[in-house]
Amino acid sequence: MLLHFALPLGSVVSSFSDAIDFILHPQPAQTGGTEVGGFGYIWPFLRTHLEVSGLALAGSLAVSLPVGLWLGHRGRGEFFAVALGNAGRALPELALIAFLAAFIGVGLRNVTIALMVLGIPPILTNTFVAVRQVDPDAVQAARGMGMRGAQVLARVELPLAASTIMSGVRTAAINIVATATIAPLAGVSTLGEFILGRDVYGTDGVLAGAILVALLALIVELTLAGLQWLLTPRGLALQRTRAAA
Amino acid sequence: MTLLAVKLTPLLPMAQLGQSFYHNRQHPDCVQSNGAFCVGWAVDNFHNYVGPALKQVMIVSISVAVGFVIAMGLALLSHRYGKLVPPLTGFTGILYTVPSLAFFALLIPITGFGTETAVIALSAYTLQIIYRNIVAGLNNVPAGAKDAGQGMGMTRRQLLWGVELPLAVPEIIAGLRVATVSTVALATLAFFAGAGGLGEKIYTQLTFKTNILLAGGLAMLMAIVFDGLLVAAGRLVTPWRRDRAAVILGGLRRLRRSA
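Top line first, the protein sequences correspond to chains A and B. Residue numbering for the first sequence follows this note's numbering, beginning at 1 and increasing consecutively. Residue numbering for the second sequence follows this note's numbering, beginning at 246 and increasing consecutively.
These are calculated hints, taken from the structure and not from any lab test. Note that beta-carbon positions come from the ideal geometry of N, C-alpha and C, so glycine has one too. Some clues are possibly wrong.
Some chain A residues judged to face chain B by a derived CB distance under 10 Å, without partners named [unchecked claim]:
1. S15
2. N86
3. L207
Based on the sequences and whatever the hints tell you, model everything.
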């Protein structure tokens, strides 16, 4: 086993350096003719990837945040919220994209809708659970201070739920960025184009695409993790540290 | 012998045309117009989906099993040495972030093209959720139960295996369920690493609606069956919870009767 991994070390290093070369410098395509690779060539694909992911995430938020907040605030629809989260997880991404391409049609708008289908369940479920989990004493105190339903939601429940909601947003964002990788199958040229286009871009292109997609996902994840940290109320963070200690 | 050859000859061209043509001829309208779901075609070609489906069951089972063993090891280590929790959570979280298609492509130069590569990537994905749930399950064991065990003179190891782990089973099972269901979905991309599975069926006829619904439906069904099996397994290994549920139900019934 050790030998098996140790043997191709040289070829592994050269594969990865060739892939980085593909990202940095243009080179002739496998099919001949045009030049592929280089940052100027890759940029439009990266921009499309970001565009479709951003649109889908924004759309998922616009749908699932109000619904999740309202259901959580009213304490209704627990079965719906939880079942939706579970069903969303079982949905095979490839089947979803293929279904969309075959039944609805290809293109940016349709892929955005498909990605929203993946983004909505984690945000909705987490929002619901987060609002339900808010300390009932805090809600009681807010009501005792004379706050109305909408005020309680906006000024007590939402801030206290923000951290859990954000972890749902993170899951949704990762799912969306990951699935946008197979969007070329539905006619949207994201970074997945390189991973799926071995015939044109060669193994260097495939690996280059994989490196870029992995980096993009990590950057998105770290950015959102930072945002989550910023959105967590200080009191809540202190309370948790004290509980853990 | 000659008689047999004569009988077989007219059949040969049809065999050479291949099975898909033969089946398409039987359901020409639906298949040619790419109808929403060609039931006849699906019934006749169902056997072609059994092999890939079973392959996917195998990939998922092995990946989750490997992930579970590793996650359990990491969780037990960090249960003993609490400082390991943040770095291990971060590390498994990073593994989880890498999109599956990219993960497969990154592994191919290292581990080659094949089932192995798919299993490595998929089991890496299961680590985060299983690890997090085992750690949380062990942390949520009531202090009273641990105190009682210590009072009975249990050693640290006896306490872990006899008290803490059994009480953590529900949360461990919950983690396994999430991990398994997502692995079934992710394994539809395993064909890209050369591991076959239902994704390969989807990919080879990407525009044929019946094929997509059949393969995608089988994958979702697989997720549901796996989930059900894990729920059943969870009930089997925690008989005391069933008793408690019975006690609570009995109590409720008595309350209702007295009311």
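Hints, one by one, checked against the model:
1. For the restraint placing S15(A) at the interface with chain B, the shortest Cβ-Cβ distance is roughly 4 Å, inside the 10 Å limit, so the hint holds.
2. The interface hint given for N86(A) holds, since its Cβ lies 7 Å from the closest Cβ of chain B, which is under the 10 Å cut-off.
3. Hint on L207(A) holds. Least Cβ distance to chain B is approximately 6 Å, under the 10 Å limit.
Figure legend: structure checked against the earlier numbered hints; every hint is met.
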